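Those sequence lines, one after another, are chains F and D. Take the first sequence: its letters are residues 240 to 563, numbered as in the working numbering. Take the second sequence: its letters are residues 4 to 324, numbered as in the working numbering.
Note that these hints are calculated values from the structure, not bench results. If you're wondering where the values come from, they're calculated on a predicted model, not measured in any experiment. Treat the hints with care, as some may be off.
Stated by the list, open to error - Computed from the model, here is a short list of chain D residues facing chain F with C-beta under 8 Å: (1) Glu45; (2) Glu133; (3) Asp136; (4) Ala250; (5) Arg266; (6) Met269.
To be verified - Listed next, the in silico SDA-like pairs over lysine to any residue satisfying Cα-Cα at most 20 Å (straight line): (7) D:Lys89 to D:Gly72; (8) F:Lys490 to D:Lys297; (9) F:Lys311 to F:Ser241; (10) F:Lys490 to D:Ile260; (11) F:Lys482 to D:Asp259; (12) F:Lys482 to D:Thr258; (13) D:Lys80 to D:Ile117; (14) D:Lys249 to F:Gly454; (15) F:Lys490 to D:Asn192; (16) D:Lys201 to F:His504; (17) D:Lys73 to D:Gly37; (18) F:Lys439 to D:Arg266.
In this text, a Cβ means the ideal position worked out from N, Cα and C, and glycines have one as well.
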Amino acid sequence: MSLLDIKNLHVHYITDDGTVKAVNGIDLTLEEGETLGLVGETGAGKTTTALSIMRLIPDPPGKIVDGQIFFKGQDLSTLGTIAMRKIRGDQIAMIFQDPMTALNPVIPVGDQIAEVVKLHTDGISMADAVKRAADMLEIVGIDSGRMGEYPHQFSGGMKQRVVIAIALACNPELLIADEPTTALDVTIQAQVLELMNGLKQKFNTAMIMITHDLGVVAEICDKVAIMYAGSIVESGSLRQIFKDTRHPYTKGLFASIPDLNHKIHRLTPIDGLMPDPANLPEGCAFSPRCPHATDICHKEAPEKIEVEPGHIVCCHLFRKGGEE
Amino acid sequence: MSAYLEVKDLKKYFKTPRGMLHAVDGLNFSIEKGHTLGVVGESGCGKSTLGRTIIGLLDATGGQVIFEGKDITNADKAERMELRKKMQIIFQDPFSSLNPRMTVSEAIAEGLIIHKVCKTKQELDQRVSELMDTVGLAERFTMSYPHELDGGRRQRIGIARALALNPGFVVCDEPVSALDVSIQAQILNLMQDLQEEKGLTYMFITHDLSVVKHISNNILVMYLGQLVETCESDELFEHTLHPYTKALLSAIPTTDIDNRKQRILMQGELSSPINPAPGCRFAPRCRYAEERCKMENPVIEEVLPGHFVACHRVREINDMQ
């Protein structure tokens, strides 16, 4: 049994202006201790996927319209609010993108960490919870003497460390990190990634790393799933995605990144823009921007094809036997 | 030939309740016409302040800015007005740098109207539609408001506004940082095309070394208001000399999974620019720092031909004599 098994997940936001199809039938599995990189541009549905696992989709307007999310065999998508509250923050924790807004500005950081511990540990005394909070701060590299300080007294990188301490305080089995380093400078990003890598190994936590930065994925992930307009267009091991790129969108993403090691005169961006999720094109959602699109791409949605063990591509180019 | 833009010992300090904030502290450099200078540094190193001081949005505390051979540091209002036609800026955040109550065409026309460039309404409309075409904005967006457009299109409006008066020099303050990678590549290509077409000179401010490598002739690396290393773009990546630049380069995550580089992890974070202590500003985070580094500020010296570095121990740590 996998730690996490998402089957055919559909999430829609139903608004007066129409239905926004944010996530359209994604499948994901994650084993214990594994790290999955969920990659895509703004609006691809990465965060919606993460929020569905946490059951934090704002409802209304958001709704899981179809599919199941199995966590250790239990379907989270139908779980009651109270049962979910026990899992959230304890067995599944989340690190949010912006450390500036994720913390409560009027509560000292030590108390914010202790709160999680107190909530999820039966019969623990406040003194023990505070002690645990102090230990957590030391683990993420902050002097526990700063427990009484408020978030505004910390820098961005330090605040993100506090958020990580809160997320890991109850030893979660699954950690969802939503762009944890996007708001940070590169040198601070390097420190935080190093820290997360170390902690992940120490606690054997499985992790979903949501990012738009393929460099970050290369540093930290074992598996990769590329999202586009609410679907996973390509997934596989890190090596399969980075060294044997198949889907035209994934190829486009790699070509868009300026490379430090090679001199190129011009970048080759993907033409056009991501489609409006309230008005997705018929057939393959990438077809209007795809250089290889044929008639069938504009009519039929492509199926998932396993081009090699574990490497799944969702594209009409690979229909017959996995060859282009 | 004298340089197109020359900056001499430029200083910009801000008064704060806790003391003087040294945002830009004694910078010297020049840019040739038609070239791109990439200015790189972490947030808080003074790179945006530098850009704003050069084009006169902020008054310099000391030093000189010489543009086309003329000292423009203390230009008066009328002179500034004239300079606006020659020097422009593209801002970082296309969400906050546009007036939400102006349509695309009004936003682009604003500069043209202020400077009375066009004589008739027809001429103005003509010029606006030319500009929209130049930056790749479809005509159907003429009457759209910024909130109706995505980040990439908004940044195109910012570029059109900057180009409206046909400037020669454009400060680009992190123009692609807020954009997705595929859109980022579109905007970078557009800016390169415009440079080739119009012979523009760019000062490209960014925290992303991989972006500047791609677009710059020369690169200047800043740390807490001071210059730490500057040379030609290729040279910087081939012979990185300053310990800060080395650490900065090694911190960039790479997509090459077979050639992992050895990461130099920097300890701590940027120290405060308010009343900075004497000595090298990078010393508290530098693994090569010794007594001397904490006592005196290193001067910029030409270590290799055309390659300037400010570090006491540059020759030692790079095995050079």
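Here is what the structure says about each hint:
no.	hint	result
1	Glu45	holds, 4 Å
2	Glu133	violated, 23 Å
3	Asp136	violated, 17 Å
4	Ala250	holds, 6 Å
5	Arg266	holds, 6 Å
6	Met269	holds, 5 Å
7	D:Lys89 to D:Gly72	holds, 14 Å
8	F:Lys490 to D:Lys297	violated, 48 Å
9	F:Lys311 to F:Ser241	holds, 7 Å
10	F:Lys490 to D:Ile260	holds, 16 Å
11	F:Lys482 to D:Asp259	holds, 9 Å
12	F:Lys482 to D:Thr258	holds, 10 Å
13	D:Lys80 to D:Ile117	holds, 14 Å
14	D:Lys249 to F:Gly454	holds, 18 Å
15	F:Lys490 to D:Asn192	holds, 18 Å
16	D:Lys201 to F:His504	holds, 18 Å
17	D:Lys73 to D:Gly37	holds, 18 Å
18	F:Lys439 to D:Arg266	holds, 19 Å
Checked against the numbered hints above, the structure violates hints 2, 3 and 8; every other hint is satisfied.
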